[in-house]
Every structure is written in C-alpha cells, then in structure tokens.
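J.: If you're matching them up, the sequences are chains A and B in order.
Throughout, this note's numbering is defined as the position within the first sequence, counted from one, plus 25.
Throughout, this note's numbering is defined as the position within the second sequence, counted from one, plus 1.
The set of hints was computed from the structure by calculation and includes no laboratory data.
Here the structure is a predicted model, which is why all the values come from computation and not from measurement.
Just so it is clear, CB atoms sit at the ideal spot from N, CA and C, and this is done for glycine as well.
Accuracy of the hints is not assured; some may be wrong.
One-sided excerpt, in silico: chain B residues whose CB lies under 7 angstroms from chain A [claimed, not checked]:
#1 GLY90
#2 THR106
#3 PHE226
#4 PHE268
#5 ILE271
#6 LEU277
Stretch-level coverage of chain A by chain B, calculated; a stretch enters the list once three of its residues show a Cβ under 8 angstroms from a Cβ in chain B [said to hold, decoys possible]:
#7 36-46
#8 109-117
#9 160-173
#10 276-283
#11 347-357
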Amino acid sequence: MRTHHFVETYERHLALSDNPVTWSWTGALLVGLVVLPFLVGGYALSIAIAIGIAVVGAIGLNLLTGVTGLISLGQAGFLAAGCYTTALLIDDYGWSTEPALLAAGVMSALLSLLVGIPSLRLKGLYLAITTMAFSFIVTHFLLYAESITHGPYGVRIEDLDFLGLDLGSARQLYYLVLAIALITTLAALNILRTRIGRAFMAVRDHDVAARVMGISLTRYKLFAFVTSSFIVGIAGGLMAFQFRFINVDIFTVLLSVEALAMIIVGGLGSVAGAILGAAFIVLLPEITRSLLDFLPAAAAEALSIHIFEIRGLLTGLAIIVMLRIEPHGLIGLWRQTKRYWTGWPLSV
Amino acid sequence: MDLFLNLVASGLVIGSIYGLIAISFAIIFKTTGVLNFAQGEVMMLIAYLSWSLGTSLALPFVALIVASIVISVAVGVLVERIFIRPMIGQPVFALVMVTIGLAVTLRSLTVLIWGPDAEPYAASIAGGIVEIGPVVLFSEQVFALALFAVVMVLVFAFFRYTRIGNAMRATAMDETCALLMGVDVRRISSMAWAVSAVVSGLAGVSFAIMFSRAPDLWFQGLRSFPAAILGGLDSPIGSGFGGLIIGVIGDLSEGYIGQGLKEISGFVVIIIVLMLRPYGLFGEKELERV
Chain A
26 MRTHHFVETY ERHLALSDNP VTWSWTGALL VGLVVLPFLV GGYALSIAIA IGIAVVGAIG
86 LNLLTGVTGL ISLGQAGFLA AGCYTTALLI DDYGWSTEPA LLAAGVMSAL LSLLVGIPSL
146 RLKGLYLAIT TMAFSFIVTH FLLYAESITH GPYGVRIEDL DFLGLDLGSA RQLYYLVLAI
206 ALITTLAALN ILRTRIGRAF MAVRDHDVAA RVMGISLTRY KLFAFVTSSF IVGIAGGLMA
266 FQFRFINVDI FTVLLSVEAL AMIIVGGLGS VAGAILGAAF IVLLPEITRS LLDFLPAAAA
326 EALSIHIFEI RGLLTGLAII VMLRIEPHGL IGLWRQTKRY WTGWPLSV
Chain B
2 MDLFLNLVAS GLVIGSIYGL IAISFAIIFK TTGVLNFAQG EVMMLIAYLS WSLGTSLALP
62 FVALIVASIV ISVAVGVLVE RIFIRPMIGQ PVFALVMVTI GLAVTLRSLT VLIWGPDAEP
122 YAASIAGGIV EIGPVVLFSE QVFALALFAV VMVLVFAFFR YTRIGNAMRA TAMDETCALL
182 MGVDVRRISS MAWAVSAVVS GLAGVSFAIM FSRAPDLWFQ GLRSFPAAIL GGLDSPIGSG
242 FGGLIIGVIG DLSEGYIGQG LKEISGFVVI IIVLMLRPYG LFGEKELERV
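Isolated chain A (complex conformation) (with noise of 0.2 angstroms):
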C-alpha cells in the first residue's frame, strides 16, 4: 500500500501542487489541448470552442454560487450584458477588440453591483429570485432599447482580430479561447488559496461565524458578485467571438439553469469541477446526437426533431441524478476513485 505524502516545508504548502504526478498530467493535457486542432475537424474544433467558453463561464458562476454560496439564476444576463457590449463596442463604435473583450467584463461587473447591493440583505433563495429577475430585465432591455442594442435585429460583427490572431480561422479563435480559460482556470485557483477565497468559503458555510471572525460580508459577498460577473462578462465577449451574430434568444433561462448544471455535474466549489462540468454538460447534447444513429431511422428522425427539448430533459436529469447520486459532482468521484486506488486492499 502506497503511503500518503507529507507535506514538511511552507513552500510545498504554498504551491498550487505539490505533487509531481499532477503536474505531468496537467502538462500532458495542455500539449494534448495545444495540437487538438491539428487532429481534429472543423466540427469537432467548434465544439471544443463552445468548451473552453463554458468553461470560462461556470469557473465564474462556481466562485458565486459554488464557493460562496450565493445562488445565481441570472448567468443568462450577465453573459449577454458581455456578450452585447462586446459586439456593440465593436460593430458601433469601432473599438478594437482587445479593450471590448474587457469592456465585455467591467460592463458584466459593474451590472452585478446593481444586482449586488441590493441583495446583500438576502440569502439563498431570494437571491436566486433577484438575479432571475435581474436576467428577464437585461434581455428586456436588449431586446426594446432598439436605438442602442439593435433590438430585435440582433448585432452582426466581421473580419476580426484579437492581438494577432484572426478570429475569423476557427484553429486561431481556439487558441485565444484555450489562453483565457488557463488564465482563468489559474487566476480562480489562485483566488481560492489567498485569504479572499478562503473568506468565500467561510461566508458559505456560516455567515454568522465568518462575521464574528471578523470577514466584512458586505465586502466578501460584493467582491464575489464582481469577480464572478467579471469573468462571466468575458465569457460572453468570447460567445460573440465565436457566434459573429448575436441576438437576444440565446440568453434563455435555460442557459443560466445549463450553468448551474456545469457546476453541479462537475462539483460545487471545485475549480477542476467546474472544467469537468462545463465540458460534460456541452458535450451530453452531441453524444446523445452520435447515440441517435445507432436507433432505427425512423425513431432518430422523430428525436431528432425534438433535439432541443431532449437537451433540456437531459440537463435537468443531469441535475436531479447528480445530486441524489453524489452531491460533490463529478470531482467528488473522481477523489472517491482515486482514494479507493490509494487504500487498496484496506479501501472501504
């Protein structure tokens, strides 16, 4: 039986890993993410693109709802508060890309304090009901401020560039997506160990308790909103990116019940389980799809019709038999795995 490690100085305490294992792995499927273009087709690379945003989106929705405990029905609207600056800023008023990408964040960040503030005073359920609400009101307003948003048109943008890389080539597009989900993949881990994260987990688990530690929940809660709609700005400065056409019937609630669905697959408050999560939840509707051709014809054809409405049941499922089979997602059976493997033969 393998003993566990220990860990005997501050700096091994300090890093990200310790464990040399992690660290190939972790090596070993970033080369694996580098050439993927190179071996897989046009469809494919979509979908790994469609990947890497939701990845960036439920990394931010995980540092809300997943560690600090603060339940956000509104991820719908702060994407396409993103979603849309970006476009505008760039279709209207000729901005560059790169400081749309980030105007698409602040944008997301500055919305979620006007959700935020009021909401300090509430918890759990309420606030999910708030950022409902607050979602219905950006799309409507997206969808009636016609002279700034296009209205009902929609916003068509071209022929981009983002640092270089032209974003109209799905492999460059890829990259630019792959970088800012490791940026934020590293900066969310990175969160988590410092004092803040820790302040986030501690407002979750008992609110009470991290006041009288001496956490401003005021300020813990706050910075969490804008952390998290920070980043899932961005994610949808990355959605209009990718889409080119944007309108305001992508950001259903039924997007934001598909974030909460990452996170919950995947594993509350996990970082890796908001990865898992996002890549098994946008990945279910295309395995569902390749299992169709193995019906008879007939029976695929009549599916394939409903291919919407399938995915919905199929993210609600997700959701329900998650949560009564393991609670920690799927990073919790991986850990159950892996420490069954250690403990073998005294593993129970």
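With chain A held as given, fit chain B onto it using these hints.
T.: Relative to the frame of chain A, chain B by itself:
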C-alpha cells in the same frame, strides 16, 4: 377613465392567475422550506393532462374541473414521492436545485409528449361577455376571478380550521415539536405538494381556457415569483393578494408607460420589494442580522 378601469380589470384577471400560483409557491415554502422552481411546469403538466382528458372524453365542465383536481393530487404526490422525498435531509440548496432540474425536465417532457404547437382549450364556459359598467370581461375571465376568490377562502379555511391544515402550520413552525405531538411530518410534505399542485393546476386550466394550451405555460410560474415575494413567501393568503397587485401593476405599466413592460414590471417590483421589505407585505419578519 374607461381605459384605466379596463386595465385594472384585466390586471386583476391575470393577477388572479399569478395569485393562485403564488399561493401554491407559498404552501410548499411554508410547510417544507423549499422554493419550488418547478411550480409552473407542474401547472403546465396538469393543464396538458386535463386538456387531453377534456378533448378525448368531452366531459361537462364541472366534471372536467373535478377530474383536473384528481389529476393534480396525483401529479403532486408523485412528483414529491419520486423527486423530493429521497432528498429529505439534504441541504435546502440541493432541494431547490432538484426543483430547478425538475422544471427543465418536465418542460421538455411535456413538449416531447404533446408537441410544440398551441391548441385551444375548448371549455363550455368560454365565449360569453359580461359587462360591469364600462368594464367588459369574457366569461372565462370572470371564471378566473371567481376561482381565485373561492380558492383564497378555501385555503384560508383549510389552514385555519382543518386538522391537516393545522398540522401543516405546526410543522412549519417547529418540525420536531410537531413530530412529538403526533404529526406525521413526512406525510405533511406530500400533502403540501398535493394541495399546491391542485391550486396551481386549477390556475393552469383557467389560464389555458383564457388563452390556449401552449408550451410556454410554464413561464407563468416564473412570472408569479414577484407575487409570492411581494405577499410574503410564507403567507399563502398574502401571496394571493400579491398576485392581484402584480397583475394590476403589470397591466397599468403596459398601458401607460410602454410596450413590453407587462412582462418585466413584476421583476422590477420584486427587486424593489426585496430591498425594502424582504419578508414581503404579509410575511413574518425573521429576526436575523448578519
């Protein structure tokens, strides 16, 4: 003036639907502490089932309502038994997430079974016109108002005078104590889901008669949140009145301020309400300062 009165009347009609749904939110929240995000979907499912029954059997209206109530009880009990009961003992967060998952599941399932098209809900009461002074209402709208009034009285009486209603209030107040007093607390949760399914199911049927049996019926559930918050989530009667207020505000702002505000005014109202009085107009003030 006529415009104002007509707007108020149509606001009251749609408000009575919101009110009924808000009552069903409040019943579940009060007794189990769970905010059921799937209420609108439960309502839609019941309305669809009752539509199928009504069109295939051509029942008289009263029989259809009775059948809808029976369907509602079955749906409520089944949903509670299959999805909620196994989660008892988990944190409220997990339970609420389950209802969100349930909402998406039921919504998709309904469209998969009945298809995406809207169908008129043919009911014998529809089509008549009732004039009260300058206000003109369709008979199905009057039915919605009457239904609201009846349900409000029944819900009030239920919680005040019946044994089960009292047991529910006792459970809401202190679960352990209620258990020690001989209340079967697990059955109470099932009852709460059944009662709330009946209330929202009737709202769904009434809404379907007014408009149509359509796959966006679930959205009325979300639009009733403001009513429940305004009235106080732990007060069924308050939530009912909250519905009327939200309905009237919606129609007045649509009529006087701008197009599309009907959809959104309720949500603006709850953000304001939550800032000023998070426990709502009729809810109990929780003393908790952090």
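J.: Decide, hint by hint, whether the structure agrees.
T.: Each hint, compared with the structure:
no.	hint	in the structure
1	GLY90	violated, 11 angstroms
2	THR106	holds, 3 angstroms
3	PHE226	holds, 5 angstroms
4	PHE268	holds, 4 angstroms
5	ILE271	holds, 6 angstroms
6	LEU277	violated, 9 angstroms
7	36-46	violated (count 0)
8	109-117	violated (count 0)
9	160-173	holds (count 5)
10	276-283	holds (count 3)
11	347-357	holds (count 3)
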